[in-house]
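With chain A fixed as given, assemble chains B, C and D onto it according to the hints.
There are 4 protein chains.
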Amino acid sequence: MPAINGDQYIDRIDRLKTNVWVDGNPVEGKISEHPAFKGVMKSQGRLYDFQLEEAFKHEMTYQSPLTGKQVGMSYLQPKTIEDLVSRRTMIQNWAKLSNGMMGRSPDYMNTVIMAFASSVDLLNGKENCFPENVTKFYEYAREHDVSITHTFIDPQVDRSHYHFEHAEEPIAAKVIERNDEGIVIKGAKVLATQGGITDEILVLSAAGLDGKDKGFSFSIPSNSKGLKFICRESFVGGESAFDHPLSSRFEEMDTIVVFDSVLVPWERVFYFNNSEISNTFMANSSFSAFSMHQVVARRIVKTEFILGIVQSIIETINIGGYQHVQEKAAEIIVALETMKALLFKAEMEARADEWGYMRPDQLTLQIASNLFPKMYPRFTEIIQLLGASGLMTIPTGTSFQSGIKKDLEQYLQGASRKAEDRMKIFRLAWDISMSSFGARETLYERFFFGDPIRLASQLYSSYDLKPYVNCVDSYLNIDPLS
Amino acid sequence: MPAINGDQYIDRIDRLKTNVWVDGNPVEGKISEHPAFKGVMKSQGRLYDFQLEEAFKHEMTYQSPLTGKQVGMSYLQPKTIEDLVSRRTMIQNWAKLSNGMMGRSPDYMNTVIMAFASSVDLLNGKENCFPENVTKFYEYAREHDVSITHTFIDPQVDRSHYHFEHAEEPIAAKVIERNDEGIVIKGAKVLATQGGITDEILVLSAAGLDGKDKGFSFSIPSNSKGLKFICRESFVGGESAFDHPLSSRFEEMDTIVVFDSVLVPWERVFYFNNSEISNTFMANSSFSAFSMHQVVARRIVKTEFILGIVQSIIETINIGGYQHVQEKAAEIIVALETMKALLFKAEMEARADEWGYMRPDQLTLQIASNLFPKMYPRFTEIIQLLGASGLMTIPTGTSFQSGIKKDLEQYLQGASRKAEDRMKIFRLAWDISMSSFGARETLYERFFFGDPIRLASQLYSSYDLKPYVNCVDSYLNIDPLS
Amino acid sequence: MPAINGDQYIDRIDRLKTNVWVDGNPVEGKISEHPAFKGVMKSQGRLYDFQLEEAFKHEMTYQSPLTGKQVGMSYLQPKTIEDLVSRRTMIQNWAKLSNGMMGRSPDYMNTVIMAFASSVDLLNGKENCFPENVTKFYEYAREHDVSITHTFIDPQVDRSHYHFEHAEEPIAAKVIERNDEGIVIKGAKVLATQGGITDEILVLSAAGLDGKDKGFSFSIPSNSKGLKFICRESFVGGESAFDHPLSSRFEEMDTIVVFDSVLVPWERVFYFNNSEISNTFMANSSFSAFSMHQVVARRIVKTEFILGIVQSIIETINIGGYQHVQEKAAEIIVALETMKALLFKAEMEARADEWGYMRPDQLTLQIASNLFPKMYPRFTEIIQLLGASGLMTIPTGTSFQSGIKKDLEQYLQGASRKAEDRMKIFRLAWDISMSSFGARETLYERFFFGDPIRLASQLYSSYDLKPYVNCVDSYLNIDPLS
Amino acid sequence: MPAINGDQYIDRIDRLKTNVWVDGNPVEGKISEHPAFKGVMKSQGRLYDFQLEEAFKHEMTYQSPLTGKQVGMSYLQPKTIEDLVSRRTMIQNWAKLSNGMMGRSPDYMNTVIMAFASSVDLLNGKENCFPENVTKFYEYAREHDVSITHTFIDPQVDRSHYHFEHAEEPIAAKVIERNDEGIVIKGAKVLATQGGITDEILVLSAAGLDGKDKGFSFSIPSNSKGLKFICRESFVGGESAFDHPLSSRFEEMDTIVVFDSVLVPWERVFYFNNSEISNTFMANSSFSAFSMHQVVARRIVKTEFILGIVQSIIETINIGGYQHVQEKAAEIIVALETMKALLFKAEMEARADEWGYMRPDQLTLQIASNLFPKMYPRFTEIIQLLGASGLMTIPTGTSFQSGIKKDLEQYLQGASRKAEDRMKIFRLAWDISMSSFGARETLYERFFFGDPIRLASQLYSSYDLKPYVNCVDSYLNIDPLS
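Protein chains in written order, with full-length UniProt numbering: chain A, 1 to 482; chain B, 1 to 482; chain C, 1 to 482; chain D, 1 to 482.
Extracted from the complex, chain A is given alone in its bound form (with noise of 0.2 Å):
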């Protein structure tokens, strides 16, 4: 089973019967037809369908070096410029299908698990590392098209400075015991979107461990014994597409991973037990690269969408006149040709690294990481701003073949669409910046390489300073004019 379709993705994660908890209960039946899940699964296998489409097969998938079989591009280790030219395609070509609303599209962690993959020599030797377990699974997902989410961050206690877990039950998932099967978990992780609905989860630690936590990196099915995925309250704003256009299509869900002693099978165990790895290996892997590639690439045909939506505003109630909201207009088009040159420049300029694959250049996309995480809640304020009360005149589609039919398409035309049409166009521009669906896809991308200032730390900590000052240097130290 090479690259799957819908049908294939939805009824491999029914049958998983994964433990997964909504609102105080747990999940019975198929989870594809639970409210909360229902449309997001949906989405995800028009995804997997448009893979095997014949129009499309070329660009979404590739023959696989193993067996010869069409594979998801997304898992392609790219050797070329043009290969990763083939891998954005792939990945904008998924994201208009959700216009980028769906930050866990399965190239995300084919991508990761690629890239994890492709720099497995790093373990090579290490202690307590197992580089063969990692291209073992990753050929196994890229031949069965496996679905996988992953958790990293520890449960928020304390976010000090200095705190380190002291409690005696474990808060964050740790190693509690090694035997002849396994390592064995217990604990919890935070934040697995889409946990639940992937095939499988991958788990690792975050840098930055102490001297007792040594780290670990493993993926499991999601369906393991003694594990549980706890769902926050969902997003979904109802099944109508006229009301809830995109909550009810998009909404990935978030959960909590908890790990009740949970056994990892060694084939499965990718590294414990070793810090200076556990610290290391994300960073010095190609993860950054093509992980960030990946997301700029989606965050792009994001920004078209809201940038269309805008426009759209703009021409429903004629407002374009107006030189402060083309100012308004004129950032949002400042933004997307911003990250689409910046991602541009980052496959131009990639490198190949010590192990041949070719790498989108790391600061370029970097640049554009800490970019978009100030740039997406300005592109809703703008919404906000330019929709005004027609964002909260939002009437459902219900209501539109009722016994007020007349009076809402008298009430709500706009300058340049019937009422019905202006409604579709408020009432996405209120899903996108105004619904709670919509406030969560701002905190994913206010967050979603993390803290804002952490990553404006570190862009300044690895950044190379030194030629820079050495202009200023030898400027101070020419002769002067005589």
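A few of these clues could be false.
One copy or any two copies: either way a pair holds, since identical chains are not told apart in the list.
No farther apart than 27 Å at their CA atoms in a straight line, the calculated lysine-lysine pairs in the DSS-like style are these [as the list claims (entries may be wrong)]:
| id | residue 1 | residue 2 |
| --- | --- | --- |
| 1 | Lys418 | Lys174 |
| 2 | Lys374 | Lys79 |
| 3 | Lys17 | Lys225 |
| 4 | Lys405 | Lys17 |
| 5 | Lys225 | Lys38 |
| 6 | Lys186 | Lys405 |
| 7 | Lys79 | Lys136 |
| 8 | Lys174 | Lys374 |
| 9 | Lys214 | Lys69 |
Don't read these hints as lab results, they were simulated from the structure.
Structure of chains B, C and D alone, referenced to chain A:
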């Protein structure tokens, strides 16, 4: 029936059987039991109850000059600064019961009616003006503690500069007939907040009429024949105060108001067919001064609540040691104290108008009204930046009563709070900054007094700049030092 | 010699023959005739003249409780709110003479000395403290209208967190000896504004001393033996008031103060070798409350002047019809009225301290002090954005008396001004926002009370947040609606 | 005389004896020895010298297609992307010699003339257009390395929307006569930077002419009869490179250009009396694409210099450990890399225009041109915020050679620098962010391509938004999930 209690309010509204449409269906049965209105009507009821509580009665009511009975303090026509302070005490007492979340607690509209009545002499002897009707309506409202909403914005069809409606069928509400009984209105007005859950609705034309439309102002019972309230989607997240601590209580609803040939009896017409009056009455009356006084007082209470939430987050996850966290909290402190200073000065520098009513200083309140729409969205941004992933880790209250109770208690604990208390705080933070309800509050504060850019233009146009220009002039013409 | 006039001031300073270095040369001859000091000393002289003018004497002076003679109002120890208002009137009268450009008009330091004297009991009975010297110095200063500057910042060598000086030769000024006559100081302090053109210099340690350095506070005459003032480059653009309407008059100069084994006689030592007192006296005294009162009052006058300049530009080139111009001017109006409200509240809510002196509300002034450093740079940015190319088209005054006079009159005319008047306005706008003098004013306002980030931290740390947290707590624990 | 050296430039300009007025006096004698021009002419001379240096000649010149001699690379009409890269290398080589401070290094105007010549076919067969004159002038300039300035803005008399000049005497320069020899011009244009120190001046009408004024374009020698350059005040701080490391070298001067019945001979008229051409030639030519390419390339060098200064400050006083300092430096890094990505993309996506010249992507450069005017003022703000009091503690170089040398060496040392080196850095930081020269640089960057608000409007108006609106449309019309 002077100052009423909650049951009286609810009972009276239920008996009106106003024509209210929610999600394509007319409300049937008691509106106070409808899920979209239940919470807010109970909260509004609590306000009425509160005014009769022995401990607060003296702050919340005063003796009617007409009947000697206790009537709501919001009806008081202030003649001294002490009166203004009494009014503010009443406003903030009520605001504290909703943490400032109810933009249309009864004192708002009571204040508006009081301001109209206090400026009624502007209508004396003017064509098609009925000052005596204003006075009578004010007294009627005061003596019966009538709840009121208002509406004055025309539907947002085309907002370009020189657009004037020329549809055959009216879109914006218009007088289509006058007869012995009164005037007849056809068309719509938008955004009556609390539309359908008040006794009366005050309808008036916004300033800036063109030649054809001559303007009007009147008040009619919500259940007038031909009057219809069309609701937007409800933002009540649910009934649980744990899960939706704000929307379960304070979702006021916004409505489109449709006039299907509604007869306004002569005794309820304040003015009509007089565009000069219609364009100037609001501006020349004490409407701005008194309504801004109410709004600023309420917004201060809301800001205090925000500050409490922010500090609760900081303490819960122990992030108070970070300089950037301190800076963000300090921003809110600065905003709060600035608003307090402006309100204080506006009261202390109040001046009696030509009819002897003590108006708070309008300019100073205008400053506050220019500032707050920029402050409030930043508050919610700060909550998001500090709450971070904690705002996505929000299982429902039901979860705490279920089989995963122990997991939640262990993994969601905060540095200084048990998991359940921590969850209450984060759900509150989420409800104010990220739920559909919270986002609507943000939009509401952005646009309370209109488009922020227009507010700035008005301020510039009305401010006396001459003294400062003169000061520059005379400086430029002093003798040089010699 | 109680309240003095300008000649007395200038004469006294000239006679001191203080050791002042400008551009590598010691000032010789009368300092009041040196190009770097001529303008500002004349301007300062005008302030002294003004206080004796018949029309303003009653506002600018009061009767000394000691001698019955008229002494400067800035020495008044306020015991009532009326006293505070009198002080503010005096401050703003003087500020208007320099449009708020002189950060160190005499009232600033007079206020500081008055505050010290009013809190002197804090030194009673403390080791190495001499409260009687403070009192005597205050009386001496008041009765002789002594001009003073101060210095307390250590040279900016290394500003990292845990840096403490360990040089063999002192860098930061230190007590290197105590003997019968007094204490001996060696090292430097930075940034005595007006250093060298005042009678006295108050020297003190900033808070935050480490173990070794024990702190001190004293005042000595500017011409004390071993004392040296090293000036930065002068920002006087020239003598012409047409060309440099501000810098020709108000360039106060900033100096490094070098102590080359300077003896401070015992009667002038206020405290030394007591790090507890040194770290707390400023904070516990009324220094902050009274100095912020002076500074905020002056900044309001400065803001009014900025607003006058902005509106003069707008009128001159007729750009008042643009919405974005209105918005920018409105920003300044909002800032001005906000500052006025904060000052007003601080005065009205003043409370007597434990010694009976009426302190304006410190918190409210702190808010103003947090706001202004962000406002002021924006003011100058607005001037640049509105003035645009007009700020580069600025020929000198001499040009208007030359062979190109007619060209200038024709080509530099404004919509509402003749060329010469227009040029005066634009040169003034340039001098406040773009000359070296103007830029230094901006830096000065940014850092008047220290680093803006530190100001925010202090505000957060000192503000009582408990009531707001409690309010959230009790809200979360009220009974649900039922 | 193809590519010239510095002496040739200086000598040629000196010989022109152009009519230049400074501070009310005409320049007499050699202009290259006048204090206002000495430094910048020497710096410009160095640029010319540099292009002939053996090591750089191949990057700075190319073989003339006409004469086979080496001519300046800035005249190259690019036909390939490699040509564009060559042009950029030349631009940045020169820019590094002034750290990007010379907005009008010769490559700027050479590029403009090259762009005109490359688009000259637009004038073919049009009334009153002389394309052959453009071509001849371009070749003349290229083969003689002619230095040029330009001017096109009308005096800023009244900038309201609908103002058109109706003075009897022309204010804005106009054609007042045509005769056998040519056209005669009377009136003024503003802001020729480097006016008076170039061989030629290109004069043209800005777009947006009303009916009466028909527009023109021509180039004439700076010493043409009746032509006068009126300087603003000079911002040369002095001759010392220690004290004024930038203004002593790079103060380019801005001038008002007065045409006192200046005859433009026919062979130098490019077009006149054709408002259609006048309103469209600039926009349709490659002017924008090529001039923005030059400007963006220069601005990148300037930003690198700023970054070097910022990091030098950070190291000197050892503040790199503070998170807010890291954030501020990171802001500049983000800005720099963003500009670099935009330039890179503009080059890589260049397309040949209809005449075969390779235009860099104009939209992408427009984005950079919208961004930089907001970035640059923030850079100077960051320098002020980090430099703090250090930017006021700036004695002159002479001081370091005087009796206070030892004091300065002791008290002005930095954590990682000796006092004198530290002072060089801080004086440089001051000169770029706080001197009159630095402030003029800021204004210059704010307005290089015009009012930032107009730039945003232009971007909005010219950007193709349809694809994004269509994408929203089709999304709203897809089948619901089912």
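Hint check:
1. Lys418 to Lys174: between (58 Å within a copy, 22 Å between copies)
2. Lys374 to Lys79: neither (33 Å within a copy, 39 Å between copies)
3. Lys17 to Lys225: Only inside one copy: Lys17 and Lys225 sit 11 Å apart there, 57 Å across copies, limit 27 Å.
4. Lys405 to Lys17: Between copies only: 21 Å across chains, 44 Å inside a chain, cut-off 27 Å.
5. Lys225 to Lys38: within (24 Å within a copy, 44 Å between copies)
6. Lys186 to Lys405: between (57 Å within a copy, 17 Å between copies)
7. Lys79 to Lys136: Within one copy only: 20 Å inside, 51 Å across.
8. Lys174 to Lys374: neither (34 Å within a copy, 45 Å between copies)
9. Lys214 to Lys69: For Lys214 and Lys69, neither the intra-copy (39 Å) nor the inter-copy (70 Å) Cα distance is at most 27 Å.
Checked against the numbered hints given earlier, this structure breaks hints 2, 8 and 9; the rest are met.
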